[in-house]
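What follows is the residue order along each chain.
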Amino acid sequence: MSSLVIDKLECQRGYSQLFTNLCFQVNAQEVVRITGTNGSGKTSLLKILAGINTQEQGCVTFDQNVVKSDAYQQEVFYLGHQAALSAELSSLENLEFLSALNQPVAREVLIQALEDIGLKGYADEPCANLSAGQKRRVILASLFISKAKVWLLDEPFTALDPKGIKIVESRIAQHCANGGLCLFTTHQDSTLPNQRMIAL
Amino acid sequence: MNIYFQTLSRDLRIALRNPSSVLNPLLFFIISVSLFPLAISPEATTLSQIAAGIIWVASMLAVLLSLNALFHHDFDNGVLEQMVTSHHPLALLILAKITAHWLLTGIPIILLSPLLGVFLFLDEQGIKVLMLTLLLATPSLSLIGSIGASLIVGIKNSGMLLSLLILPLYTPILIFASSAVSQAQFGLDINSQLYFLAMFLVLSLMSAPFVSALALKISLE
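So the protein lines, in turn, are chains Z and V. Position one of the first sequence corresponds to residue 13 (my numbering), numbered consecutively onward. Position one of the second sequence corresponds to residue 32 (my numbering), numbered consecutively onward.
If you are wondering where the hints come from, they were derived from the structure by calculation, not from laboratory data. Possibly wrong hints are sitting among the right ones.
Unchecked claim - Here are the simulated DSSO-like cross-link-like pairs (lysine-lysine), alpha carbons at most 30 angstroms apart as the crow flies:
#1 161(Z) <-> 80(Z)
#2 132(Z) <-> 161(Z)
#3 161(Z) <-> 248(V)
#4 80(Z) <-> 159(Z)
#5 20(Z) <-> 187(V)
#6 159(V) <-> 80(Z)
Said to hold, decoys possible - Some chain V residues near chain Z, calculated using beta-carbon distances under 7 angstroms:
#7 41
#8 49
#9 52
#10 116
#11 117
Ideal placement from N, C-alpha and C gives every residue a C-beta, glycine not left out.
Modelling step: build the complete structure from the supplied sequences, incorporating the hints.
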C-alpha cells in the first residue's frame with residue numbers, strides 16, 4: 013500500500029524555527045487535516061511536501077521516491093493560495109494548460125470537468141471576468157481530473173460557497189476511497205468524515 | 032516535448048491578447064533609434080558610421096525592457112508554482128517561455144532593423160550583416176535575460192537590478208555584433224565575429240534554461 017512518509021522534518025523561515033523533528037506517515041485512503049495557528053507553518057509544510065520549498069533537515073518519500081524526483085512529483089498535486097490562472101486566457105484554456113502540466117487530457121474531459129464543478133457555460137469566458145470563487149473552481153477542476161495520488165490542498169475552501177465546499181469534500185472522500193490520500197489545511201469547519209488531525 | 036509546444040502556444044496567446052506588453056518595447060526601439068538623426072546630425076556620412084551601434088544598443092535596451100514581464104505574471108498568479116511541482120523538467124518549460132519571448136521581441140526587432148538601417152543611411156551590405164548579427168544574437172539576449180529575470184522574480188521594485196545583472200553579460204555580444212557590421216561596411220572579413228556570436232548562442236542555449244530553472248526554484252522558496 014502506498015504511503016507518504018515524513019521523517020524528522022525541520023523547517024525554518026527567516027529567524028524562526030517552525031517545526032523540528034516532525035515525523036508522521038499518511039497511508040492511502042487517509043485524509044489528514046493539518047491544524048495550527050496563523051504562521052505555525054502549515055503552508056510551509058505543504059510546500060515542502062509539494063517540492064517547492066526545501067527542508068532544513070529530514071526527508072519526505074512517497075513509495076520510496078524522494079520528494080522533487082520525477083516519480084514523486086508525478087504523484088503529487090499541490091493547490092496553493094493562488095488560483096494559478098492567467099487573466100487573458102479562458103477557463104478552458106487555463107484548465108488545458110494546468111492539466112497538461114500533469115497529464116494531457118482530452119478536450120471533452122476538460123469541458124465535462126468544468127461542468128461538474130459548476131462552471132457550465134463559462135468554458136470560453138476569459139478568467140479576468142470570473143469571480144474569486146469561480147477562479148478557484150477552475151484549478152479545482154484540474155485537481156479533480158489529475159491522476160495524482162497525493163493531494164496537498166492549502167485552504168481548498170477559500171472563496172467557495174457552501175455548495176462548492178460540498179463538492180470539494182465529496183471529491184476528497186471519493187479520491188481517498190479510490191486509494192488516494194489527501195493532506196489539507198483549513199480554518200473553516202470541515203465535515204469530512206474520518207479526518208485525522210495533525211497539529212503543528 | 033508536447034508540453035514545450037503547449038507552453039509556447041500559451042505564452043503567445045497571452046501576449047496576443049495583451050498586445051501592449053509586446054508593443055511597448057518595440058515602440059521604444061523605433062522611437063529611440065529615430066531620435067538620433069535629430070539629435071546628432073542628419074548627414075549620411077556621420078549616421079552611417081554610427082548606425083550599427085545605435086540599432087544594437089537600442090535593441091538591447093528594448094529586450095531588457097521586455098524581460099521584466101517574462102516570469103512576473105506567472106509568479107504573481109501562481110502558475111510558476113504549478114510548473115515547479117509538475118514532473119516535467121522546469122528547464123524545458125522555461126525554454127518554451129524563452130522561445131515565446133524571442134518570437135515576440137527578437138523577431139520583430141530583426142524585421143524592423145532594415146527599415147531603421149535605411150533611416151540611418153546604412154548601406155546594403157551593412158543592413159545584411161546587421162540582420163545576420165541580430166538573428167544570431169537576439170536568441171542569446173533572451174536566453175541570458177531569462178537568468179536575470181528568474182533571479183529577480185520575487186523581488187519588489189527590482190527595476191535597476193535586472194540591468195545591473197544582465198548588461199555586463201550582454202556587452203560582449205554588443206561589441207562583436209556592432210564591430211561585425213562596421214567591418215562589413217569597409218568590406219572586411221567578419222567571420223571571426225560571427226563565429227563568436229554563434230558560440231555565445233550555443234553556450235547560452237545549453238546553459239541558460241538550466242540556470243534559470245535553478246534560480247526560479249530559489250526565488251520561489
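We went through each hint and held it up to the structure:
1. 161(Z) <-> 80(Z): holds (15 angstroms)
2. 132(Z) <-> 161(Z): The hint holds at about 27 angstroms.
3. 161(Z) <-> 248(V): holds (23 angstroms)
4. 80(Z) <-> 159(Z): Holds, at about 17 angstroms.
5. 20(Z) <-> 187(V): With Cα atoms ~34 angstroms apart, residue 20(Z) and residue 187(V) exceed 30 angstroms; violated.
6. 159(V) <-> 80(Z): violated (48 angstroms)
7. 41: Status holds, d = 5 angstroms.
8. 49: holds (5 angstroms)
9. 52: The hint is violated - residue 52(V) has no Cβ within 7 angstroms of chain Z, the shortest such distance being about 10 angstroms.
10. 116: holds (5 angstroms)
11. 117: holds (4 angstroms)
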